[in-house]
Amino acid sequence: MNRFLIADTSVDIGTLRETLLKPEAGGFCTFEEWVRQTNDGRLVSPIGYEAFAPLVTSEGQVILDEVRERFDIAETCAMHRTGDLPVGDLAVWIGVAAPHRGAAFKVCRYMIDEIRRRVPVWKREHYVDGQIEWESVIMSVDVTGQPGPFKTGGGHAP
Amino acid sequence: MPGLEPEYFAQPGEQAGRRAETRETSVTTAAAFYEELRVAYGFALPAGQMHVAVNAAFCPWTRSLKEGDHVVFIPPVSGR
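Protein chains in written order, with the working numbering: chain A, 954 to 1111; chain B, 18 to 97.
Here chain B stands alone, though its shape is the one from the complex (with noise of 0.2 Å):
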């Protein structure tokens, strides 16, 4: 059970009410976590609209999660 450091920007920020936690889970991929948070917030945005990043590095949301990686899920940037 990985305790994991989420950082939220933007929409998921407002959306969870704090820019950042530490949170013991039991899932082990980024996706996964994703949608244990997106229950927890009520997150609006589906995983295919955001990109993840671990430990400051895109990555794909197949990505396994260890003991203290930082995560950032990155909502649509503003394009124009």
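Okay, chain A solo, but in the shape it has when bound (with noise of 0.2 Å):
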């Protein structure tokens, strides 16, 4: 089972979490990313989340695969939102559940920022101003294709 959902409409949080009640797990932690009213200092206004939805899917769960072999957690799962979000809504979730708080801080940290870096979703900021910009850094790519660590000060394509 996939446990990297991608989606177009809101998604009932308790639901991912009822998946992640384990009898081997003594904790849970989440990270849950809102859509900010500012970027860069600018007011924002819905932010649009274009996604390659079979890649979003693939890559998402090889992040998961290797938390679970990483890392001493009992389950995971993570959403991602696609479409015009309004400022305060959610756009990633993550949840972790783990015998020990330690792991499961320390696999929600890890997740949102492998995420970021290797999950092809896009920002489309639409400024109150009447802007709309990519947000966008500059990334490395290895040899094989994989995207590598992103560098940052990569600023906004135009």
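Where hints are given, some of them may not hold.
[As the list claims (entries may be wrong)] Here are a few chain B residues that face chain A, going by a calculated C-beta distance under 7 Å:
#	residue
1	Gln28
2	Ala49
3	Ala70
4	Val71
5	Ala73
6	Val94
[To be verified] Far from chain A, some chain B residues (derived; all Cβ distances over 10 Å):
#	residue
7	Glu38
8	Val44
9	Lys83
[As the list claims (entries may be wrong)] Computed Cβ-Cβ distance ranges for the label pairs, DEER-style:
#	chain 1	residue 1	chain 2	residue 2	range
10	B	Arg36	A	Arg1070	20 to 28 Å
11	A	Ile1085	B	Ala48	23 to 31 Å
12	A	Gly979	B	Thr42	50 to 58 Å
Please keep in mind that the hints were generated in silico from the structure rather than gathered at the bench.
Note that beta-carbon positions come from the ideal geometry of N, C-alpha and C, so glycine has one too.
Dock chain to chain to rebuild the complex, using the hints, since each chain is given by itself in its own frame.
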């Protein structure tokens, strides 16, 4: 079962949480990414999230498989929204259940960083002054075509 | 001369003015195909700042293309 969801409508988070209720888990951490009202000090109206869904799902599942292998956790799942989301709306949800709290906190952080680095979802910022820009960073590409670490300071593509 | 199925997202999608197409071409690698489209549509981003996926899997730019391949050029994702 693929536990990385891509959704073009709102998702019942309670249902996602229930899938993480495992008897071996002693704790649960979640990370939620929300649409913020500003970007680089400029007021944002909605943000459009565009995704290449087949690769989002497959690469997202690779990340989940990685954390199951590398960390002592009981279960995890994640959800990424697409479409135009207003300020305050939920864009990404990550849940991690683990026997001990350390791994749950650590895996939440690892997963959002890897999702942002590797999963092909693009943000289209709609500013209240009427401008529309794609948010992006400059990424490196390794010889196999896999995403390499991104470099900060890439700025905004026109 | 393969007929390829490129699909465009984000900036390249806006610059191409379309989401997808079927395109006849004489090129045989992903890198050459991107350069052909870059000339045709004026893509701003060089291949070095992009990834490419063929049939929904990341691959190197040297990947050979064949008839019917679905090709997606992946501009930098929103990393923050």
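The hints, checked one at a time:
no. : hint                              : result
1   : Gln28                             : holds, 5 Å
2   : Ala49                             : violated, 15 Å
3   : Ala70                             : holds, 6 Å
4   : Val71                             : violated, 9 Å
5   : Ala73                             : holds, 4 Å
6   : Val94                             : holds, 6 Å
7   : Glu38                             : holds, 16 Å
8   : Val44                             : holds, 17 Å
9   : Lys83                             : holds, 17 Å
10  : B:Arg36 <-> A:Arg1070: 20 to 28 Å : holds, 25 Å
11  : A:Ile1085 <-> B:Ala48: 23 to 31 Å : holds, 30 Å
12  : A:Gly979 <-> B:Thr42: 50 to 58 Å  : holds, 56 Å
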